[in-house]
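**Student:** So the sequences go chain by chain: A and B. In terms of our numbering, the first sequence is residues 1 to 240. In terms of our numbering, the second sequence is residues 1 to 223.
A hint or two may mislead.
[Stated by the list, open to error] Listed below are the simulated DSS-like cross-link pairs for lysine-lysine, each with C-alpha atoms no more than 30 Å apart in a straight line:
{"hint": "1", "chain 1": "B", "residue 1": "Lys13", "chain 2": "B", "residue 2": "Lys128"}
{"hint": "2", "chain 1": "B", "residue 1": "Lys128", "chain 2": "A", "residue 2": "Lys132"}
{"hint": "3", "chain 1": "A", "residue 1": "Lys25", "chain 2": "A", "residue 2": "Lys7"}
{"hint": "4", "chain 1": "A", "residue 1": "Lys181", "chain 2": "B", "residue 2": "Lys143"}
Simulated from the structure, these hints should not be mistaken for laboratory data.
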Amino acid sequence: MKIFLKKTLMAPEGPFNLHVDLDIKEGECVSLFGRSGCGKTSILRMIAGLQSPQEGRVEVAGDAWFDSSRGIDLPPQKRHAGFVFQEYSLFPNMTVEENLMFALRRGEETARVGEYLGLVGLKGLERRYPSKLSGGQKQRVALARALLRHPKILLLDEPLSALDVQTRWRLQDEVLRLYEKTGITTILVSHDPFEAMKLSGRIFMMEAGRIVRSGEPQNVFCGSEWEAFFRMAKNGFGPA
Amino acid sequence: MPYDLAPLGLSLKLATVTTIVLILIGIPLAYWLAFSRTRGRPFLEALVSMPLVLPPTVLGFYILVFLSPGHALGAFLERILDVRVVFSFTGLVIGSVIFSLPFMVNPIKAGFQNFPCALIEAAYTLGKSRRQTLVSVIIPNTKSSLLTGIVMSFAHTMGEFGVVLMIGGGIPHHTRVASIAIYNEVEAMNYSAANFYSMILVVFSMAVLALFYALYRRHGEVV
Numbered sequence: 001m002k003i004f005l006k007k008t009l010m011a012p013e014g015p016f017n018l019h020v021d022l023d024i025k026e027g028e029c030v031s032l033f034g035r036s037g038c039g040k041t042s043i044l045r046m047i048a049g050l051q052s053p054q055e056g057r058v059e060v061a062g063d064a065w066f067d068s069s070r071g072i073d074l075p076p077q078k079r080h081a082g083f084v085f086q087e088y089s090l091f092p093n094m095t096v097e098e099n100l101m102f103a104l105r106r107g108e109e110t111a112r113v114g115e116y117l118g119l120v121g122l123k124g125l126e127r128r129y130p131s132k133l134s135g136g137q138k139q140r141v142a143l144a145r146a147l148l149r150h151p152k153i154l155l156l157d158e159p160l161s162a163l164d165v166q167t168r169w170r171l172q173d174e175v176l177r178l179y180e181k182t183g184i185t186t187i188l189v190s191h192d193p194f195e196a197m198k199l200s201g202r203i204f205m206m207e208a209g210r211i212v213r214s215g216e217p218q219n220v221f222c223g224s225e226w227e228a229f230f231r232m233a234k235n236g237f238g239p240a
Numbered sequence: 001m002p003y004d005l006a007p008l009g010l011s012l013k014l015a016t017v018t019t020i021v022l023i024l025i026g027i028p029l030a031y032w033l034a035f036s037r038t039r040g041r042p043f044l045e046a047l048v049s050m051p052l053v054l055p056p057t058v059l060g061f062y063i064l065v066f067l068s069p070g071h072a073l074g075a076f077l078e079r080i081l082d083v084r085v086v087f088s089f090t091g092l093v094i095g096s097v098i099f100s101l102p103f104m105v106n107p108i109k110a111g112f113q114n115f116p117c118a119l120i121e122a123a124y125t126l127g128k129s130r131r132q133t134l135v136s137v138i139i140p141n142t143k144s145s146l147l148t149g150i151v152m153s154f155a156h157t158m159g160e161f162g163v164v165l166m167i168g169g170g171i172p173h174h175t176r177v178a179s180i181a182i183y184n185e186v187e188a189m190n191y192s193a194a195n196f197y198s199m200i201l202v203v204f205s206m207a208v209l210a211l212f213y214a215l216y217r218r219h220g221e222v223v
């Protein structure tokens with residue numbers, strides 16, 4: 001899939017130009033890595049149709065979702081993108097089960113809800129409201145809800161950054177397992193190098209709206225500033 | 001001496017009909033005012049809130065003028081729809097809807113504006129239309145604003161005086177609501193009847209507001 005985006009973004013230090021050109025293979029899991037405010041989340045939002053670039057092209061699995069030269073701009077409802085937000089974004093008026101039911105298309109088999117709840121290990125919590133769930137459980141519901149729609153691309157916007165370290169590590173394994181099981185093309189936004197390296201095969205390192213380095217994790221996180229990190233990574237992620 | 005209960009019944013009927021009409025108009029209008037980015041928005045917001053600052057008699061006067069058969073609009077309604085708006089119950093409803101509009105629209109609008117944008121976006125990415133998102137996500141999570149709007153519009157219409165007097169003229173059994181009946185009875189030095197209507201209004205208003213706060217509290221605990 002091709003993602004080419006241009007937009008002027010505002011940051012506390014002043015405006016800067018987002019200008020990226022990404023080519024992502026089907027079934028690949030890539031990370032957008034960089035400091036907060038460098039435009040990572042904006043890229044995901046533009047892919048999902050929640051924000052419009054000034055110029056660009058978003059083509060997923062052969063379908064044009066956005067193309068400024070041809071005047072194509074599909075609304076988010078018509079783009080098949082699964083979006084997992086940093087703050088979970090579960091509907092507080094609905095139970096876990098109802099949150100998933102909401103994602104079903106009209107006339108779709110409701111049995112799939114149970115199947116996806118099982119997939120993320122939430123059986124037994126169907127009737128709970130989001131306010132009675134832990135952060136990790138909330139994010140599992142959000143993941144299941146996004147996957148339930150069979151999206152063509154899964155967009156994860158720092159999905160684990162609000163969780164404590166232990167939960168984050170557990171959830172990273174979970175995300176990895178889900179990715180391996182579904183084989184869905186995934187873009188993960190992260191500012192945690194461990195996470196980016198663990199979950200993705202390719203990393204796009206960003207600075208002020210531009211990709212400054214890209215490639216396999218060990219090639220991106222090279223140079224003296226990353227050596228220490230890379231040594232730790234080689235010895236295994238997670239707690240010592 | 002038995003008192004005529006018709007004014008009280010009429011007030012209740014007027015408040016109920018007005019509130020129902022206001023729910024139907026108020027929710028879409030509040031949604032538009034909360035989320036629209038068009039330039040005309042401040043103008044419409046000002047228009048909706050005008051009844052808060054205008055004397056009810058001013059509003060009543062203009063509605064009376066525009067809807068009377070002597071005016072183009074009133075003549076049109078009478079000729080085409082066969083509806084005589086002034087000095088009728090229909091006229092009272094139109095006047096009350098305009099007069100109580102800010103009491104319904106403003107709380108709902110505030111509730112919508114404070115609603116987390118990420119939840120709306122989440123619904124969109126799940127393929128839901130604006131309308132489905134409004135009905136299934138926004139409204140159920142802003143129930144307290146809607147409840148405030150309903151109670152305030154209802155209570156405000158129950159206590160209305162200036163507008164209904166101007167438009168309705170206080171015709172017994174047609175447009176003489178409780179607040180006008182009180183005024184008439186006092187003018188006729190019939191204090192016991194005035195006291196009867198007044199006391200019922202006091203007790204009723206108190207009960208409605210107490211019920212509202214009880215619901216509000218319970219609702220606050222649920223979500």
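**Student:** Now look at each hint and say whether the structure bears it out.
**Tutor:** Verification of the supplied hints:
no., hint, in the structure
1, B:Lys13 / B:Lys128, "violated (37 Å)"
2, B:Lys128 / A:Lys132, "holds (25 Å)"
3, A:Lys25 / A:Lys7, "holds (24 Å)"
4, A:Lys181 / B:Lys143, "violated (40 Å)"
The structure shown violates the earlier hints numbered 1 and 4.
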